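Q: Below are the chains, spelled out letter by letter.
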Amino acid sequence: MSLFTKIFLWFWLALGLVGTVLVLAVAATQSETDEAHWRDVTGTAVRVYAQTAADTYENAGTDALVIYLQRVEQTARMRTRIFDERGAEVSGRDATIEARRLADVARQTGDDAEPVFDFSSRVAQVTLVAQPVYGRGGTRYVLVSEVTRKRPAPLFAEPGAWLLRLVAVLLTAGLVCYGLARYLTSPMETLRAGVRRLASGDLSTRVSAQVGTRRDEIADLSRDFDRMAERIESLVRSQRRLLGDISHELRSPLARLSVALGLARRHAGDEAPNMTSALNRIERESERLNELIGQLLTLTRLETDEDELQKTQLDLQELVRQVAADADFEAQGRNRSVRVMASEECSFPGSAELMRSAIENVVRNAVRYTAENTSVEVSLRCSSVDGNSRIRISVRDCGKGVSEAALTEIFRPFYRLAEARDRQTGGTGLGLAIAERAVRLHGGTMHAANASDGGDGLVVEIQLPA
Amino acid sequence: MMERVLVVDDDVELCELVAEYLEPEGFSVDVADDGLAGVERALADTYAIIVLDVMLPGINGFEVLRRIRAKSRTPVLMLTARGADVDRIVGLELGADDYLPKPFNPRELVARIQAILRRTRDITSASAVISSPETLIVGDVRLNTGARTVLRGGESVELTAAEFDTLAVMLAKAGRVVSREELAEAALGRPLAPLDRSVDMHVSSLRRKLGSEVGGVERIKTVRGTGYVYLVMSDE
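Residue numbers (my numbering), protein chains in the order written: chain A, 24 to 489; chain B, 850 to 1085.
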């Protein structure tokens, strides 16, 4: 699970829980206070009515009582009855059984201060309130009012409303947590992308500018990353430059050696024929040294000047044909040949110099390893898979192949096979490395595989996006 | 008669060795060890050929070549760093007659120098002998072998010596295929070496300078595996 998801879910869970509990707690206390307040107000009113009704009856008689009670019923909208000590309705009007029963209860248990409430009426939204009072003569009356009022709702009486509240809480919490998780993890993503780019070879990668103007551990980390990348970049660059400089500086003495060799050859002339083989050897070795330096320079250039790729539309078919023809010319001298087995019309935007050197290095490498009296087979194919076409140039030799483990290693500079035949065959150990970098600069890849069509041999394939 | 050669290279020891090698071959060698001295020398004196290193302190070989070409047509052989195709292309475009990657085999150096000298001598002697210099007209291009000028649609086109010779051969055989080997002999005065792309480079700069198409038809067509053909418009 990603860090983002983790942070998001945990914080959401925590905030959601807290929010829900809070809402429930507030709702509970709220309804309790509401209830208490209502009882208080209603109780006070009923107490006043009861006392007044009792006084009115004792002072002015039944008729006045009825008038008073009717006025109460009109203004306060409470059906009100008053009972005497024996439970008879004093005003002489009819009363419900519920009212009578409550009056009895109130007369026996209630006191003057607190009314008795009865919420159990069969009629919805009606609460009976009974208030016992004493008249002046010490007679005990009970006033019973039917109050129209919603019964206090139990906590989860309306699931819809509660669900809505819950959703609101969770949504708000979710939104906040999403923001928080994003804020925490998005610079991580940036950092991660940066690390990946660096690992894939883009040493100019820097991240702190993208992480922004934060001032926290993540910002510190990204600044540290930048410092690290800078250091790596400068190390690698200076190492490459050193390699290039060394190679370049080796050129001058080699140029002098070459001319001096020519002079020596002339001085030796015909009088010293035994010198000739030694001079030939010197020439061959200096030629080899020169090739090595040339390859090293090419490699360092490929590694450093990545941006100045001069692309033109290349006719790969012609390029492959030319390279094969040139390589064949050289191979014939060593009883080997290079044949183009398959070739298709194929156009590719790229640097002519680099693509030529890539194909040439692969073909020459194959010529070097193919057995005597065999051919190196070159084929060029353009295939279109799912709308994106690919170009494959494969070069197959008839040599011994290489071990499975070495298949990826052979693209490394100066990689030597265990058999160490390179030196005898005159390779510099850089050809495939140069080819691989040149192909990679064109957005392609290179693979090697042992021949699967029976018979020994190595197949090196260049794949290019068309 | 000794041919006079000017070697412009900052490697003094190499210059001494080259001089030592060239003198028995019938050359007298002068040496300039930086670019400015090279330009000065080249313009102050008459040389049969100038051997010019690309990598020079101060002003580089290309700049030296440009300054020499501004005033002189003395043949120039460039010494380039091996593998640096860009050097080669730039050198040839600026009017170098040939190039030789450094380090070089001195025998190869002598062969290249002689090839260039043979070619330039042919041109000068030919124009001296042939009373009426030939004018080749194909389509919109008019080439005068005597004055070594090229006009396209009446406008002068600046070509290097090697480009001029390449074009001359193709125009003389317009409509027919000219092999890369033939072009190499004509333009460089030497057989085509394997891996040598200088002929193709000359052709591609000709295409650029003359325009790759004339009247919607490709001017110089590549014949795969063989060479090039300068196309003649059908209505002519």
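Please keep in mind that the hints were generated in silico from the structure rather than gathered at the bench. Be aware that a few hints might be false.
Just so you have them, the derived chain A footprint on chain B, three or more residues with Cβ under 8 Å [said to hold, decoys possible]:
no. : region
1   : 945-955
2   : 986-997
3   : 1022-1029
4   : 1070-1078
Since the structure is predicted, the reported quantities are computational estimates derived from the model, not experimental observations. Idealized CB from N, CA, C, for every residue including glycine.
Q: Check whether three or more residues of the region 1070-1078 of chain B sit with their beta carbon closer than 8 Å to a beta carbon of chain A.
A: The restraint on the region 1070-1078 of chain B holds, since 3 of its residues have a Cβ under 8 Å from chain A and three suffice.
Q: For the region 1022-1029 of chain B, do at least 3 residues have a Cβ located nearer than 8 Å to some Cβ of chain A?
A: Answer violated; 0 residues pass the 8 Å Cβ test.
Q: Apply the coverage criterion to the region 945-955 of chain B and chain A: a residue qualifies when its Cβ sits closer than 8 Å to a Cβ of the chain, and three qualifying residues are needed.
A: Result for this restraint: holds, n = 5.
Q: Are there three or more residues in the region 986-997 of chain B whose C-beta lies within less than 8 Å of some C-beta in chain A?
A: Violated: only 0 residues of the region 986-997 of chain B have a Cβ under 8 Å from chain A.
This entry does not satisfy hints 2 and 3, going by the numbered hints stated previously.
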